[in-house]
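Read top to bottom, the protein sequences are chains A and B.
Going by numbering that gives the first Met the number 0, the first sequence opens with residue 0, and the numbers climb by one from there.
Going by numbering that gives the first Met the number 0, the second sequence opens with residue 0, and the numbers climb by one from there.
Worth flagging that the hints you see were computed from the coordinates, not collected in a lab.
All residues carry an ideal CB built from backbone N, CA and C; glycine is no exception.
It is possible that some hints are incorrect.
[Unchecked claim] Computed list of lysine-lysine pairs in BS3-like fashion (alpha-carbon distance at most 30 Å, straight line):
#, chain 1, residue 1, chain 2, residue 2
1, A, K62, B, K262
2, B, K360, B, K162
3, B, K162, B, K262
4, B, K262, B, K360
5, A, K85, A, K62
6, A, K62, B, K162
7, B, K262, A, K85
8, B, K293, B, K225
[What the hints assert, rightly or not] Pulled from the structure, derived: some chain A residues nowhere near chain B, Cβ distances all over 10 Å:
#, residue
9, A31
10, D42
11, Q351
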Amino acid sequence: MRVLILGAGEVGRHLARSLSSDANVVLLDADAHALAIAEDELDVLVMEGNATHRDALEAAEVKGADLVISVAGEDAVNVAACVLAKNLGARRAVARVDDPGFYRGPLGVERGVAGIDACVCASRLVGVDLLRLVNRVEVGWTSTFVGGAVHVGVVEIGDDSPVAGGPIGRLGTEAASITRAVLRGDSIRLPSEVTSLEAGDRVILGGPPVGVAGVARSMRGRGSNRVVVVGGGDVGLQLARALSALTREVSIVEESRDRCEALASDLPKTTILHGNGTNLAFLREEQIGLAETALAVTGSDEVNLMASLLSNELGVEHTFALVHRPGYSSVYAHLGIDGTTSAHEVLSSTLQWLLPGRTVVSSSTLPDSDWSVLELRVPHNLPRQLRVRDLSLGASTRLLGVLPSTDPHIASEANPVLQGGEHLLVACPIRDRRTAERGVSRLESGTG
Amino acid sequence: MNPRVVSSYVGLLLGIVAVLMLAPVGIAVFDGEPRTVSAYAFSAFCCVALAFILRRLGRLRPEDEIHRKDALGVVGFTWLALGILGGLPFIIEGSIPNIPSAIFEAVSGFTTTGATVVSDVDGLSRATNLWRCLMHWIGGMGIVVLFVAVFPQLGVGAKHLFKSEVPGPTTEGLRPKIKQTATALWWIYGSLTALATVLLVLAGMPLFDAICHAMSTLGTGGFSSKGASVGAFQSPTIDWIINAFMLIAGLNFGLYYGLLRRKWRTFYRNYELRFYLTVNLVVIGIVAVSIFEKHGTWSDTIRHATFQTLAVTTTTGFMTEDFDTYPNIARFALFCCMFMGACAGSTAGGLKASRVFVLGKVVLRELSVVVRPHQVNAIRVGNGTVSQDVARGIATFFAAYFFLFAIASFILVALDLDLMSAMSATIACLSSVGPGLDAVGPTQNFGFIHGAGKAVLCLCMIAGRLEIFALFAIFSARTWRR
Numbered sequence: 000m001r002v003l004i005l006g007a008g009e010v011g012r013h014l015a016r017s018l019s020s021d022a023n024v025v026l027l028d029a030d031a032h033a034l035a036i037a038e039d040e041l042d043v044l045v046m047e048g049n050a051t052h053r054d055a056l057e058a059a060e061v062k063g064a065d066l067v068i069s070v071a072g073e074d075a076v077n078v079a080a081c082v083l084a085k086n087l088g089a090r091r092a093v094a095r096v097d098d099p100g101f102y103r104g105p106l107g108v109e110r111g112v113a114g115i116d117a118c119v120c121a122s123r124l125v126g127v128d129l130l131r132l133v134n135r136v137e138v139g140w141t142s143t144f145v146g147g148a149v150h151v152g153v154v155e156i157g158d159d160s161p162v163a164g165g166p167i168g169r170l171g172t173e174a175a176s177i178t179r180a181v182l183r184g185d186s187i188r189l190p191s192e193v194t195s196l197e198a199g200d201r202v203i204l205g206g207p208p209v210g211v212a213g214v215a216r217s218m219r220g221r222g223s224n225r226v227v228v229v230g231g232g233d234v235g236l237q238l239a240r241a242l243s244a245l246t247r248e249v250s251i252v253e254e255s256r257d258r259c260e261a262l263a264s265d266l267p268k269t270t271i272l273h274g275n276g277t278n279l280a281f282l283r284e285e286q287i288g289l290a291e292t293a294l295a296v297t298g299s300d301e302v303n304l305m306a307s308l309l310s311n312e313l314g315v316e317h318t319f320a321l322v323h324r325p326g327y328s329s330v331y332a333h334l335g336i337d338g339t340t341s342a343h344e345v346l347s348s349t350l351q352w353l354l355p356g357r358t359v360v361s362s363s364t365l366p367d368s369d370w371s372v373l374e375l376r377v378p379h380n381l382p383r384q385l386r387v388r389d390l391s392l393g394a395s396t397r398l399l400g401v402l403p404s405t406d407p408h409i410a411s412e413a414n415p416v417l418q419g420g421e422h423l424l425v426a427c428p429i430r431d432r433r434t435a436e437r438g439v440s441r442l443e444s445g446t447g
Numbered sequence: 000m001n002p003r004v005v006s007s008y009v010g011l012l013l014g015i016v017a018v019l020m021l022a023p024v025g026i027a028v029f030d031g032e033p034r035t036v037s038a039y040a041f042s043a044f045c046c047v048a049l050a051f052i053l054r055r056l057g058r059l060r061p062e063d064e065i066h067r068k069d070a071l072g073v074v075g076f077t078w079l080a081l082g083i084l085g086g087l088p089f090i091i092e093g094s095i096p097n098i099p100s101a102i103f104e105a106v107s108g109f110t111t112t113g114a115t116v117v118s119d120v121d122g123l124s125r126a127t128n129l130w131r132c133l134m135h136w137i138g139g140m141g142i143v144v145l146f147v148a149v150f151p152q153l154g155v156g157a158k159h160l161f162k163s164e165v166p167g168p169t170t171e172g173l174r175p176k177i178k179q180t181a182t183a184l185w186w187i188y189g190s191l192t193a194l195a196t197v198l199l200v201l202a203g204m205p206l207f208d209a210i211c212h213a214m215s216t217l218g219t220g221g222f223s224s225k226g227a228s229v230g231a232f233q234s235p236t237i238d239w240i241i242n243a244f245m246l247i248a249g250l251n252f253g254l255y256y257g258l259l260r261r262k263w264r265t266f267y268r269n270y271e272l273r274f275y276l277t278v279n280l281v282v283i284g285i286v287a288v289s290i291f292e293k294h295g296t297w298s299d300t301i302r303h304a305t306f307q308t309l310a311v312t313t314t315t316g317f318m319t320e321d322f323d324t325y326p327n328i329a330r331f332a333l334f335c336c337m338f339m340g341a342c343a344g345s346t347a348g349g350l351k352a353s354r355v356f357v358l359g360k361v362v363l364r365e366l367s368v369v370v371r372p373h374q375v376n377a378i379r380v381g382n383g384t385v386s387q388d389v390a391r392g393i394a395t396f397f398a399a400y401f402f403l404f405a406i407a408s409f410i411l412v413a414l415d416l417d418l419m420s421a422m423s424a425t426i427a428c429l430s431s432v433g434p435g436l437d438a439v440g441p442t443q444n445f446g447f448i449h450g451a452g453k454a455v456l457c458l459c460m461i462a463g464r465l466e467i468f469a470l471f472a473i474f475s476a477r478t479w480r481r
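Looking at chain A on its own, in the form it has when it is part of the complex:
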């Protein structure tokens, strides 16, 4: 596979590094200094040139490239470069567009705009990933699918859980629609096969991040908690929006007065605090220590690190931070911060999801069990009309849901008609992984 990456900054280099084992990567940038760094640390071909110059793109052999990823510093450059690349014969193009106003949905990934296969918004994607980390506190275990749009979590039903001894529907229609399966003992049962939940059952939830966290919280019978977000940029705004839907008490700490006022008008349910997230006296005065979770998401690694450490110091139970420089994550972990995310990591995992070819797009093993959850990609050209049960995915494999290619939500029909390009979310015993994979990949060769 041939991949052309436009932009050799931190993100471009990180992507090149993560892709270079599977693909032949060419890195194009006009900045000779950035290229020299890339040349030194990566086994890729570097070329000097401007991403929006057709000559440069042609010299980098854009024609027939399997994937073009534009991650230069400017949104307009990325969009223009991807449009040009597609025009010049690239098979797929992905542009990084960070302006949230560009997007119509909340996800941070939009397909097909101006003929570009996908536009990705790093700030939205890190927001979604931070939600995953917060959910982990709530749910105990989570994993992301569909490039972060769908979270799968496992909640253990305790004796004191409001749903113990009752049907799944007791918590309302949202809980019922998000419950994918129940892990009882060593077997997995679909919701239709479970009449009432028992203590010790582990419920597999799958759906949008906020929904999963909300349902998990009500299943465990826990009340609302306080969350503080340090940094009121786009990431902070998105997080506060998502978190306030969970009826939590959300506060944002932001240093810029003007930004605070804009946030206050955008987020009526959220407490906006004007101040510096690294000022200990301010944090004490605002009783930040009473919060259960703190998220440091400013544009500066130093501020995020300090704010997280101070929150820890003041008694916040869980702290998460946004990291801008790759490689800093281990330092954060070393200092006792519960989790980090970065634009580089989420962009590269989202791209893995967008990349063609693989049948297993992502997979996770459920904790303390022999089961794994797989996201399987159905080939675009199906040999004939097929239903999910026509596939030989293995006797024990259970379908958790179908993810249409156009809109990332989970449809939960029991035996739907397969559409080309959609993804299947299945639970299968770890030993049957290959069987499930082959069941879908066989369709590609037309033998299914």
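Got chain A sorted already, so can you dock chain B onto it with the hints?
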């Protein structure tokens, strides 16, 4: 520098040398020469034993990566070891019993210099002649490049190894991965060698000689299986075939990759190629005019002038006649060409045409700055410009090259060599040309030089092949500091 990494990889590379030594073993068995068989088999065994010891000493851990310093160490030590191990069969076989001479011959082989200590080449066994030319061939494209091409993924470490061995101011990647680049280069190199062999056989050269000369030509080496070099065949067709392949070996191999991908424009628009061809045409003209009287006909004059010029500018060092007997103007023109060498990315040595061209441009720019101090000029080459950093790097390389030349010449003069012989011997080794002038002229050999002089010239050859800094880096304390 991580000694574990260096030791392990040097060990692996010596394993390759052991495998290569099986070729002369085979031909010696075929020729029924038991002493030669045992000489090469024992040398191969020594390589394997040393490789084994180095691997054991190394004990590579999974987390060990090849960093830039390690790559310099691997390449530097491998090249030093190549000389000693490559010379071992000469000593055991008795063809070159003197140890410094045997090492000199091997270093001259691997560095594609082609300076010999052997006075009676025709008396050497076929196995030894094959080994001499095989050393050229392997050294030409580079044993480390071969290693990168055949060894499974080494990641960015392979890139450091590749860059430490491949000469040229800028190492152009041909393919996204360095392993693919190395493989492509070896394929091109191997195919051209095969083509040269076939053409030489068709032109009437015996198969064995054709293989030896093809390997020697493509590696821009200069060892011949004949005492009178290519002149022994007395065939204009063979001369012209070797002329063509010397020129081919002196151009950037990346250009051939471009040609394979139908990038004609990048070929004929390459500024280095144009400059190099121009220089050659001018020198051929000077040599031809000066030797016309000797030959009488233009066809012979042009053939010999082209051959001798290309033999020097591509740093091959073959001969069809003794250019040391040419008029002084031709001798001096050829002497100057020894400094420049051929193109970057070729198998040839020397300063490289692109460096000379850029340096010329820098000189012109400095001249214009004297006249108009406020004018800002970019250093334009081809369609692009050369950055200040690259220009500074080239100037530094020039200075280092000349310092080394001066110091080595001084030592040779101190060892009682005459001035011209000392200077031409030094530059012939530093630029990997092979024959020099006067006492080390094309029909003479380096055997008479004192052992210490040979050691200095060996260092010059390796330094020239590895572009100076890669060799001396391993002698620097900073490289060893961890």
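So, going through the hints one by one against the coordinates:
1. K62/A x K262/B: At roughly 15 Å apart (the allowed maximum being 30 Å), K262/B and K62/A satisfy the hint.
2. K360/B x K162/B: holds, 26 Å
3. K162/B x K262/B: holds, 24 Å
4. K262/B x K360/B: holds, 27 Å
5. K85/A x K62/A: Holds, at roughly 8 Å.
6. K62/A x K162/B: Since the Cα atoms of K62/A and K162/B sit roughly 29 Å apart, the hinted pair holds (cutoff 30 Å).
7. K262/B x K85/A: Given pair K262/B, K85/A holds - Cα atoms ~22 Å apart, limit 30 Å.
8. K293/B x K225/B: holds, 24 Å
9. A31: violated, 7 Å
10. D42: violated, 5 Å
11. Q351: holds, 19 Å
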